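Engineer: Mind docking these for me? Both chains are given alone in their own frames, and the hints should help you get the complex.
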Amino acid sequence: MFDQQDLNRLFRYCCALCDARPDAYDLLQSAIERCIRTPPDDPERRIAYAMRVIRNLHYDQLRRQRVVVFEPLEDSSQLPQAGMDSLESIMIDRDELEHAWRRMTTVEREIIYLWAVEGLSAAEISVQLERPRGSVLSIVHRMRKRLQTQNSNTDRASQA
Amino acid sequence: MNNPTSLKQTVLERFGVIELDTDQMRTLVDRQTPGASQQADRPVRASWLQFGAAAAIVLTLISVWFTGQWYAAREGNGLMVAIADEVAANHLKLKPLEVEGSDLDSVFGYFRDLDFRLVATPRLGGIDRDLLGGRYCSIQGIAAAQLRYREPDGDLSTWYEGMLPTAQLRLLPSIERGQTPAEFYVRGIRVDIWTEHGVVFAAARSVRP
Numbered sequence: 001m002f003d004q005q006d007l008n009r010l011f012r013y014c015c016a017l018c019d020a021r022p023d024a025y026d027l028l029q030s031a032i033e034r035c036i037r038t039p040p041d042d043p044e045r046r047i048a049y050a051m052r053v054i055r056n057l058h059y060d061q062l063r064r065q066r067v068v069v070f071e072p073l074e075d076s077s078q079l080p081q082a083g084m085d086s087l088e089s090i091m092i093d094r095d096e097l098e099h100a101w102r103r104m105t106t107v108e109r110e111i112i113y114l115w116a117v118e119g120l121s122a123a124e125i126s127v128q129l130e131r132p133r134g135s136v137l138s139i140v141h142r143m144r145k146r147l148q149t150q151n152s153n154t155d156r157a158s159q160a
Numbered sequence: 001m002n003n004p005t006s007l008k009q010t011v012l013e014r015f016g017v018i019e020l021d022t023d024q025m026r027t028l029v030d031r032q033t034p035g036a037s038q039q040a041d042r043p044v045r046a047s048w049l050q051f052g053a054a055a056a057i058v059l060t061l062i063s064v065w066f067t068g069q070w071y072a073a074r075e076g077n078g079l080m081v082a083i084a085d086e087v088a089a090n091h092l093k094l095k096p097l098e099v100e101g102s103d104l105d106s107v108f109g110y111f112r113d114l115d116f117r118l119v120a121t122p123r124l125g126g127i128d129r130d131l132l133g134g135r136y137c138s139i140q141g142i143a144a145a146q147l148r149y150r151e152p153d154g155d156l157s158t159w160y161e162g163m164l165p166t167a168q169l170r171l172l173p174s175i176e177r178g179q180t181p182a183e184f185y186v187r188g189i190r191v192d193i194w195t196e197h198g199v200v201f202a203a204a205r206s207v208r209p
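Line by line, the protein sequences are chains C and D. So the first sequence is numbered by the numbering used here: it starts at 1 and just counts up by one. So the second sequence is numbered by the numbering used here: it starts at 1 and just counts up by one.
Looking at chain D on its own, in the form it has when it is part of the complex (with noise of 0.2 Å):
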């Protein structure tokens, strides 16, 4: 045990050996001096605030990124749900073609009052199908051609082309963005719905076994 004094030299004693240390003492009197950067040597304190300030605004645009895309997502699956409806609606209905022939230029010549240009995919080659014609159509209540083939097992596919809002368009499965088609069955018809040069295609037939 040491040896009592008085209580005020020992308080003394106690706060007479209480200094700041030298990197202390450097920061408080560098703070001081005028021009001083106050950005490097404000409390730690202030410097965690301002870094979860930081932390929860990057987060809170990411989550919003993410929830745009899933929202985007969302409504650009909607849509081709439907589109996939009613092409395989269509198919099974079989109407009268109003064009026929396995010339794909002359068959292309009859949709002249379309607001575009109907595309020749190169989706269509590499199975030797037949061309037998076509007719006008709708795809979302757009003005659409509809083409039929005769595939090499016997079977009709119907393919479309149609045009969408660019805001819709955005929303499907680009070539040129490199993704694929998206893939859908609906009342027993395989639909594969992709863009293509801005124009929506549609290719509907019967799922193989």
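Chain C extracted, bound-state conformation (with noise of 0.2 Å):
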């Protein structure tokens, strides 16, 4: 079903979703296991199936856990969106992003991730995260703009 190439994209997107590498390999397996099982009803759609089964078992085991973030219902009408090519013009560099990577939500991470690695765009990243297009822009906005303050304050910082 899942040849090495897919495996190792879907780890990627295991290693997203997850803090540690040990948890992402445990939902990948758990995952493969889940896809065995219950195989997609159409085997060329079977990354999107996976990564389906992967966000539903991470999140899962979140909300046994309660370490879920339950984010208040918005109206995503009413909050400031930035597109997805906003995030282009942001230049980082790995430490920067290493330190940016751990203060970001699962979510947040998860939208990142889809639209860097996976090349999707805003519109399918909704289709993916259950959530409206306007939500996605939402989030997309807030982390561009915290993006943006960690380079002007690492700047203000190496310039000092």
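What the hints contain is simulated information worked out from the structure, not anything from laboratory work. This structure is a prediction, so every number in the text was calculated from the model and none was measured. Glycine is no exception: its CB is placed at the ideal position from the N, C-alpha and C atoms. Certain hints may be false.
[Said to hold, decoys possible] Just the calculated beta-carbon pair ranges, DEER-fashion: (1) C:R63 / D:T60: 25 to 31 Å; (2) D:Q50 / C:R46: 25 to 31 Å; (3) C:P40 / D:S63: 45 to 51 Å; (4) C:R103 / D:T33: 19 to 25 Å.
[As the list claims (entries may be wrong)] Computed far set for chain D versus chain C, every beta-carbon distance over 12 Å: (5) Q9; (6) F15; (7) D21; (8) P34; (9) F66; (10) G68; (11) D105; (12) S138; (13) R177; (14) R187.
Structural biologist: Structural data, given as structure tokens:
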């Protein structure tokens, strides 16, 4: 069902969701088990199906551990939004990314991963995340603002 | 500090180096092979859950067994205390003998109405005690035989032989199981209780200094 390339791709997605690599591997194992027991109807869409399984398993686990952050239901139309292209202008090095990555929520990491690695648009990300497109764009706006603030702080620190 | 690049490029580079190691890859590929053993490759957490469940079952069984043993011991001890008290009280009363004699076979012959056969326990031997006779009595409401002896020091001892239901019999120390008689001190009387050849024995005599 999944070849080595597929498995590495799914493992990267697990790593985007989980903090630690062993947790990501456990998550992938459980997802593969689930996919073997209940295979996708369309084998061509196996990656999308497996990613959905991984996501559901991960959030189920977070709920069991009571560590999931429940965000208030917001009216995304009232919040400032930014398109995915607004992230293109952000310049960041590996150290800064690691620092920012640790401070992001799971949903924020997932959005960045799906956009940068999987090449999904905001509309496609909203389908994967099962939340309105406006909500995704609001999160992007907040992330962009935070990353820009972090960058300017870093610049000031390096100048000093 | 590394050279900054676009966010997308830096994220791509970060994830581009992430891959499953050889063992992990083999495990996941093998798992998808039809007929592959799923047991061997189950996630570690699932194995721990199974181990925990098995350990809990074993601990529960052990605790149930120990609780059963504790209740049996408590029940057996309660029965023996009751027998010791009854036997000591009878010994102190020294009721008249119904049959007198020093010959064991003759005295045994008197007890024809018991629903068990009297046993000459080897524990009677070794000491030069004299048989005086016997009488019918009861232990815990069941007919029994009572034999009276004179000990070498002149004191009297009373030996009881009786029957109990099998369930109660099993609660008492058994010579055949290699156990030693239970020893009680009641009303100033020492009482030894045991079972031998399916018969309950109780020996009562005054406490010697």
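Engineer: Determine for every hint whether it applies to the structure shown.
Structural biologist: Here's how the hints hold up against the structure:
1. C:R63 / D:T60: 25 to 31 Å: At 30 Å between Cβs, range holds.
2. D:Q50 / C:R46: 25 to 31 Å: 29 Å, holds
3. C:P40 / D:S63: 45 to 51 Å: Because 47 Å falls inside the window, the suggested range holds.
4. C:R103 / D:T33: 19 to 25 Å: At roughly 41 Å between Cβ atoms, T33 (chain D) and R103 (chain C) fall outside 19 to 25 Å, so the hint is violated.
5. Q9: 8 Å, violated
6. F15: 5 Å, violated
7. D21: The assertion about D21 (chain D) is violated, with a minimum of 9 Å to chain C.
8. P34: 10 Å, violated
9. F66: 34 Å, holds
10. G68: 37 Å, holds
11. D105: 80 Å, holds
12. S138: 66 Å, holds
13. R177: It holds; R177 (chain D) is separated from chain C by about 53 Å at its closest Cβ, greater than 12 Å.
14. R187: 65 Å, holds
Comparing the model with each earlier hint shows violations of hints 4, 5, 6, 7, 8; every other hint is respected.
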